[in-house]
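Trainee: Here is how the chains run, residue by residue.
Protein chains: 2
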Amino acid sequence: MQSSDAKLSRNSLLLALRCYSSAVLNMEQTVLLPSLLRDVPDEHNEPGSSLDLYQDYLMLKAIRNMVESGMVPYEETQKRSGSEDDLESRFHFHLRGLFNIMAALTKKSQNLTGKYLDIIGISR
Amino acid sequence: MQSSDAKLSRNSLLLALRCYSSAVLNMEQTVLLPSLLRDVPDEHNEPGSSLDLYQDYLMLKAIRNMVESGMVPYEETQKRSGSEDDLESRFHFHLRGLFNIMAALTKKSQNLTGKYLDIIGISR
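First to last, the sequence lines map onto chains A and B. 1 is the number of the first residue of the first sequence in our numbering; add one for each residue after it. 1 is the number of the first residue of the second sequence in our numbering; add one for each residue after it.
What the hints contain is simulated information worked out from the structure, not anything from laboratory work. There could be a bad hint or two in this list.
Here are the computed lysine-lysine pairs in the BS3-like style, where the Cα-Cα straight-line distance is at most 30 Å [what the hints assert, rightly or not]:
1) B:K115 to A:K61
2) B:K61 to A:K115
3) B:K61 to A:K107
4) B:K107 to A:K61
With the hints as constraints, model all of the structure from the sequences given.
Mentor: Dropping the structure here:
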């Protein structure tokens, strides 16, 4: 497990997650009065979006908390999907997707190991 | 950065990735003669799949290597998508998706921080 931990620390997805945490930490330390961001439009948002920078600020912090502490509950994801904050929905979609795939692949690896033991005649 | 690293180590996605690495390591240590898995059908595969357990074994190891060392090149993903190994395609899709989303969110956080500095009159 120690060796696989060491390898995982070089994983580029992990680096992307750390990079994001670091950017949000810098944002929090800079933005001392978040209310100044109210009603300031975000020119990078998609056309028609009514999100202002204050809502962006809250969303970015919420996602950071999710990245650091665990998964969003399924029900919450359902409730929020389809809303204007498309990046957030896509984050939930891919995080949940990757999580489910990892569980399926882990199960597949365990099944294959068991099947091999059957083939060589070692009962489990 | 140290504090955010400590928090990331509790992240459930990271735990899922470690759990997968561990299952594949156990598989490798158990399956000493992978060729015994040739032509053994995988009853868990989707109907119509021609993958045998040997191909599953290679796929599970390839994904573990990707999880531990970094991203799959975009071109390789394109080439492989649409093939029978659906779990692998979905893994690539969500890993690439999450990676792109994290980059977009990081950029958004940096833009917001810059905009706040503009608002309070601190030039960058």
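Trainee: It remains to establish, for every hint, whether it holds in the given structure.
Mentor: Right, here's what the structure says about each hint:
1. B:K115 to A:K61: Holds, because 16 Å separates the two Cα atoms, which is no more than 30 Å.
2. B:K61 to A:K115: holds, 16 Å
3. B:K61 to A:K107: Holds. B:K61 to A:K107 sits at ~14 Å (cutoff 30 Å).
4. B:K107 to A:K61: Measuring from Cα to Cα gives roughly 14 Å; hence the hint holds.
Checked against the numbered hints given earlier, this structure breaks none of them.
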